[in-house]
Amino acid sequence: MTTVSETTLDNGLRLVLISDPGAPVVAVSVHYDVGFRSEPQGSTGFAHLFEHLMFQGSEQLPKGELPRLIESNGGIMNGFTRPDATVYFEQVPANALELVLFCEADRMRAPRINEENLANQIAVVKEEIRVNVLNQPYGGFPWLEDLPKLLFHSFPNAHNGYGSFDDLEAATLEHVQRFFDAYYAPGNAVVSIAGAVDPDDAASLVERHFGDIPARDTPPRPSFAEPRLTEERRASRTDALAPLPALALGYRVPDPIGDEDRYFATVLLASLLAQGPASRLFDRLVRRDKLAADVGAMWGGLDSAWTSRDPTYLALIAHYPDVGLTEPIISVIDDEIESIARGVEPDAFRAVLAELASAHWMQLDSKYSLAIQAGFFAQQRGRPQLTFEVVDRLRAAAELVPEVAAGWFGPEGRGVMMLTPGMSAATAEPEASGAPA
Amino acid sequence: MSPVPVVGPLPVVTLDGITDTTVPPGVRIVAVRRPNVPLVQLRLHFPLGDVGLRDTVPLRLLPKMLLAGTGARSGSEIAASLQRLGILAGAGADVDHLSISAGVPADSLTDGVDELVDIVAHPSFPRREVLGERERVVQEVLQEAVDPIAIATHALSGRLFPRHPYSDPLPEVGAVRRTGRARLSRFHTEHVVPAGCLLVAVGDVDPERLAVVAQSAFARFGGSDVDDAGLGASTRPALPVPAFVAGGQPALLVHRPGAVQSNLRVGVRCADRHDPAFPALFLAATVFGGQFTSRLVDNLRERHGYTYSPRAGIEERQLAASFVVKAEVGTEVTGAALNEVRYELARMATTDVTAEELESARRYVNGVLAMAAATQAGLAGMLGAFVSYGLEPTYLERFTRELAEVDARSLRAAAERFLGPAAMTTVVVGDAEIVTAPLEAMGDVTVVK
Numbered sequence: 130m131t132t133v134s135e136t137t138l139d140n141g142l143r144l145v146l147i148s149d150p151g152a153p154v155v156a157v158s159v160h161y162d163v164g165f166r167s168e169p170q171g172s173t174g175f176a177h178l179f180e181h182l183m184f185q186g187s188e189q190l191p192k193g194e195l196p197r198l199i200e201s202n203g204g205i206m207n208g209f210t211r212p213d214a215t216v217y218f219e220q221v222p223a224n225a226l227e228l229v230l231f232c233e234a235d236r237m238r239a240p241r242i243n244e245e246n247l248a249n250q251i252a253v254v255k256e257e258i259r260v261n262v263l264n265q266p267y268g269g270f271p272w273l274e275d276l277p278k279l280l281f282h283s284f285p286n287a288h289n290g291y292g293s294f295d296d297l298e299a300a301t302l303e304h305v306q307r308f309f310d311a312y313y314a315p316g317n318a319v320v321s322i323a324g325a326v327d328p329d330d331a332a333s334l335v336e337r338h339f340g341d342i343p344a345r346d347t348p349p350r351p352s353f354a355e356p357r358l359t360e361e362r363r364a365s366r367t368d369a370l371a372p373l374p375a376l377a378l379g380y381r382v383p384d385p386i387g388d389e390d391r392y393f394a395t396v397l398l399a400s401l402l403a404q405g406p407a408s409r410l411f412d413r414l415v416r417r418d419k420l421a422a423d424v425g426a427m428w429g430g431l432d433s434a435w436t437s438r439d440p441t442y443l444a445l446i447a448h449y450p451d452v453g454l455t456e457p458i459i460s461v462i463d464d465e466i467e468s469i470a471r472g473v474e475p476d477a478f479r480a481v482l483a484e485l486a487s488a489h490w491m492q493l494d495s496k497y498s499l500a501i502q503a504g505f506f507a508q509q510r511g512r513p514q515l516t517f518e519v520v521d522r523l524r525a526a527a528e529l530v531p532e533v534a535a536g537w538f539g540p541e542g543r544g545v546m547m548l549t550p551g552m553s554a555a556t557a558e559p560e561a562s563g564a565p566a
Numbered sequence: 008m009s010p011v012p013v014v015g016p017l018p019v020v021t022l023d024g025i026t027d028t029t030v031p032p033g034v035r036i037v038a039v040r041r042p043n044v045p046l047v048q049l050r051l052h053f054p055l056g057d058v059g060l061r062d063t064v065p066l067r068l069l070p071k072m073l074l075a076g077t078g079a080r081s082g083s084e085i086a087a088s089l090q091r092l093g094i095l096a097g098a099g100a101d102v103d104h105l106s107i108s109a110g111v112p113a114d115s116l117t118d119g120v121d122e123l124v125d126i127v128a129h130p131s132f133p134r135r136e137v138l139g140e141r142e143r144v145v146q147e148v149l150q151e152a153v154d155p156i157a158i159a160t161h162a163l164s165g166r167l168f169p170r171h172p173y174s175d176p177l178p179e180v181g182a183v184r185r186t187g188r189a190r191l192s193r194f195h196t197e198h199v200v201p202a203g204c205l206l207v208a209v210g211d212v213d214p215e216r217l218a219v220v221a222q223s224a225f226a227r228f229g230g231s232d233v234d235d236a237g238l239g240a241s242t243r244p245a246l247p248v249p250a251f252v253a254g255g256q257p258a259l260l261v262h263r264p265g266a267v268q269s270n271l272r273v274g275v276r277c278a279d280r281h282d283p284a285f286p287a288l289f290l291a292a293t294v295f296g297g298q299f300t301s302r303l304v305d306n307l308r309e310r311h312g313y314t315y316s317p318r319a320g321i322e323e324r325q326l327a328a329s330f331v332v333k334a335e336v337g338t339e340v341t342g343a344a345l346n347e348v349r350y351e352l353a354r355m356a357t358t359d360v361t362a363e364e365l366e367s368a369r370r371y372v373n374g375v376l377a378m379a380a381a382t383q384a385g386l387a388g389m390l391g392a393f394v395s396y397g398l399e400p401t402y403l404e405r406f407t408r409e410l411a412e413v414d415a416r417s418l419r420a421a422a423e424r425f426l427g428p429a430a431m432t433t434v435v436v437g438d439a440e441i442v443t444a445p446l447e448a449m450g451d452v453t454v455v456k
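Line by line, the protein sequences give chains A and B.
My numbering applies: residue 130 is where the first sequence begins, and numbers increase by one.
My numbering applies: residue 8 is where the second sequence begins, and numbers increase by one.
Pulled out of the complex, with its shape left as it was, chain A reads as follows (with noise of 0.2 Å):
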């Protein structure tokens, strides 16, 4: 039987624990009150930089160690940086909790981090941006820039989160010990656990290697509030790797907890619009009209709805052969929002949700995404037991999703990015100078 309990230390730290008989696995992960919107004004990237210092060593721990101990005792780890927390996550053989817990709570005590380290993760940082960005066709497209200067006009919310060059290379140790005393509080934080643990012995490791790290102030969380477009706004840019055209479609969507019933019929419209080979918008711009050769979504928060606060969008993304189509092919985007906000036929709600629910429980199957997904929720909703509840809400709110279509997806607030290719398709080489910016 799965339980999930939830206390909060005498230090503000909030543990969430989801105990859950079966294989010999835990996962544990750790996510901080802090993003890319946090990053103040001439330090973007700041935030993923700092994650990366995470793994520069800690109090006890000398660089290189933290992997060492996790890996050499069968264990995974990583961590990652969304807009509004940063995450750090090892999944491990269930009798390697203590280790992880002792970790993580090192780490959170006081990262250790010298010149030499931060020279070099600044270096690694620029080769992760010039592997996922710079070098490749396609990169960044359209979640680093494109959509969120489009869609906002603050620089929270409307800059790069990997950073500028010129910025990463502007860091210094002084910045990282301000960072860390401003945002890695543990009050500012949450330790998640799941698997095969018991919840009362996992609550009292947690006290004895978390328990006396001293409470600190948190910061405030400003407000990012934004209001959404009046009308239409556009971009395009030339990608010089790219040899075919993009298109990406942002649409500014409901608080995802502030309006929280409106943002679960988001989620569905998604579905049902446009993620997988029965999607409406992969039935006709795919298959049946054969406009483009893939479409999807893609939430603000990256890599699923429930990482980012308010506020933050949707974005349509189409790869598609010809730049001459991009007309027809919003045409059709339109259509077919408009017929969901006209109704929707309860099968197809009822076949969506059953696709739904068939992924919730292939990613409750996986130990560490469940406590991603618990530490989310109890992060930024104080209720972990949402996790379980996903399904049902979906299920509820699909009589919302033809307002959410009429009210949020209409032309008049989106951005439109259009992608337009640097390669000549054809000979797969670069037109003019083909030199990337």
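Note that these hints are calculated values from the structure, not bench results.
No residue lacks a Cβ here, since even glycine has one placed at the ideal position from N, Cα and C.
Certain hints may be false.
[Stated by the list, open to error] Listed below are several chain A residues computed to face chain B (Cβ distance under 8 Å; list not exhaustive):
1. Gly-193
2. Gln-220
3. Pro-406
[As the list claims (entries may be wrong)] Derived Cβ-Cβ restraints for the label pairs, each shown as a range:
4. B:Gly-78 <-> A:Thr-136: 35 to 43 Å
5. B:Thr-26 <-> A:Arg-479: 31 to 39 Å
6. B:Thr-28 <-> A:Arg-479: 33 to 41 Å
7. B:Ala-420 <-> A:Glu-518: 29 to 37 Å
8. A:Thr-136 <-> B:Thr-26: 41 to 49 Å
9. A:Asp-476 <-> B:Pro-42: 47 to 55 Å
10. A:Glu-518 <-> B:Val-11: 36 to 44 Å
11. B:Thr-26 <-> A:Ser-365: 56 to 64 Å
12. A:Glu-303 <-> B:Ser-316: 27 to 35 Å
13. A:Gln-492 <-> B:Val-248: 36 to 44 Å
[Stated by the list, open to error] Computed footprint of chain A on chain B; a stretch qualifies when at least three of its residues, placed anywhere within it, have a C-beta under 8 Å from a C-beta of chain A:
14. 54–66
15. 121–128
16. 194–203
17. 291–300
Using the hints provided, position chain B relative to the given structure of chain A.
Relative to the frame of chain A, chain B by itself:
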């Protein structure tokens, strides 16, 4: 300050309860009940026999065509039917297999197996869909042709498996557009047969019932297009074992003007799982570059900052394995990075790993395998791979025991046999105007514009 907690012996993989049966017309079913969640993970692998080297277009088109029309049903109807059953399915093909991978709700299992078998057995290749899917493949090919990582992958396969289908050449657009309905239908009839198919099921499943369900689904496989004589996998020519290629060729540099990074690939054919040296080689590859705490990551990333995610490992196919090192490095450090890769390879081949490195790698591999085997999808994926390589369904237990017996001496012997830099094939995709000189300083280079 509390001391670093010490972790005791790690749990070992146990694969209790696997059933292994074969039902007419020669479908092998490997199933195990793991009701973690109310799903069944299915993997269907159809060995393709010798697909030939002429062109690889049908391998790219066939998986798409399976979902584009079956019997009297359209692609839209197939997609809607799978969705209604809550089935998450994908189809793919490589030189060895046509494969279907699906997560099926436990209470949709009978319908799900029927659907998936029907999709493979009776594609109708509707004319209009062939045209449409062909253009999607053209777009895939155009994208791969300019994607630096895909360019590097194709270039290395070409060097490790010359004149063999494993060389996996990128098809020409013209060849894609010439591949019509008749060719696809013939490819399907000749290469996709039920005899010799492997069905793996892991999850909330009763293996005995599954065998009944599968037998009944496969009984309808033959249809009218395939005569009984065509059903036997043994009547088809088998894929030839790729000839071994000696190392020591000049490095291949594929020119990408203006590239801000170089894609380094250093690889060699090596022992596969049927070779007694495999467990030692696997741990050698792990120490070298198979985990974060590896020599490759420590050197290239954590000490030099040349790259973000360098890695190395053994890439397995039905009839051959290869060891491959991958790193996407800054253009200006291309030569320096290759030098470090070669240095670390030579160090593996000429000196012993430390006892700590060996034990650490062994525990890492054991833990990762045990965790993968704990999920339905992870176990289904591993069983599908291992059994289709000709290994027994409980192979993972044997592999774990074999890993336990590897010592520094056997690891060094495996590294000396396979990992020395002299035997390696090097491919670099990058800006030849900048990286040719430093690469030539280390040996001969063939530049491809």
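Check your understanding: Within 36 to 44 Å or not, the Cβ separation of Gln-492 (chain A) and Val-248 (chain B)?
Key -> Between Gln-492 (chain A) and Val-248 (chain B), where Cβ atoms are some 41 Å apart, the hint holds.
**Study point:** Supplied distance hint 35 to 43 Å, evaluated on CB atoms of Gly-78 (chain B) and Thr-136 (chain A)
**Key:** violated, 57 Å
Review point. Does the Cβ pair Thr-26 (chain B), Arg-479 (chain A) satisfy 31 to 39 Å?
Key: holds, 34 Å
Check your understanding: When you take the CB atoms of Thr-26 (chain B) and Ser-365 (chain A), is the distance between them in 56 to 64 Å?
Key -> holds, 57 Å
Review point. Are Pro-406 (chain A) and chain B close enough, Cβ to Cβ, to be under 8 Å, as the hint says?
Key: holds, 4 Å
Practice item. Could you tell me whether the CB distance from Thr-28 (chain B) to Arg-479 (chain A) stays inside 33 to 41 Å? Key: Given range 33 to 41 Å: holds, Cβ gap about 35 Å.
Exercise for review: Closer than 8 Å, Cβ to Cβ, for at least three residues: run that test on the stretch 194–203 of chain B against chain A and report holds or violated.
Suggested key: violated (count 0)
Point to revise | 8 Å C-beta criterion, at least three residues: is the stretch 291–300 of chain B covered by chain A | key: Held - the stretch 291–300 of chain B has 3 residues with a Cβ nearer than 8 Å to chain A, which meets the minimum of three.
Review point. Does the hinted range 41 to 49 Å hold for Thr-136 (chain A) and Thr-26 (chain B) at CB?
Key: Holds, at about 44 Å.
Exercise for review: Apply the coverage criterion to the stretch 54–66 of chain B and chain A: a residue qualifies when its Cβ sits closer than 8 Å to a Cβ of the chain, and three qualifying residues are needed.
Suggested key: That given contact is violated, which follows from only 0 residues of the stretch 54–66 of chain B lying within Cβ reach (below 8 Å) of chain A.
Review point. Taking the beta carbons of Glu-303 (chain A) and Ser-316 (chain B), is their distance inside 27 to 35 Å?
Key: holds, 29 Å
**Study point:** 29 to 37 Å as the expected CB spacing between Glu-518 (chain A) and Ala-420 (chain B), which holds or is violated
**Key:** violated, 56 Å
Hints 4, 7, 9, 14, 15, 16, counting from the list given before, are not met by this structure.
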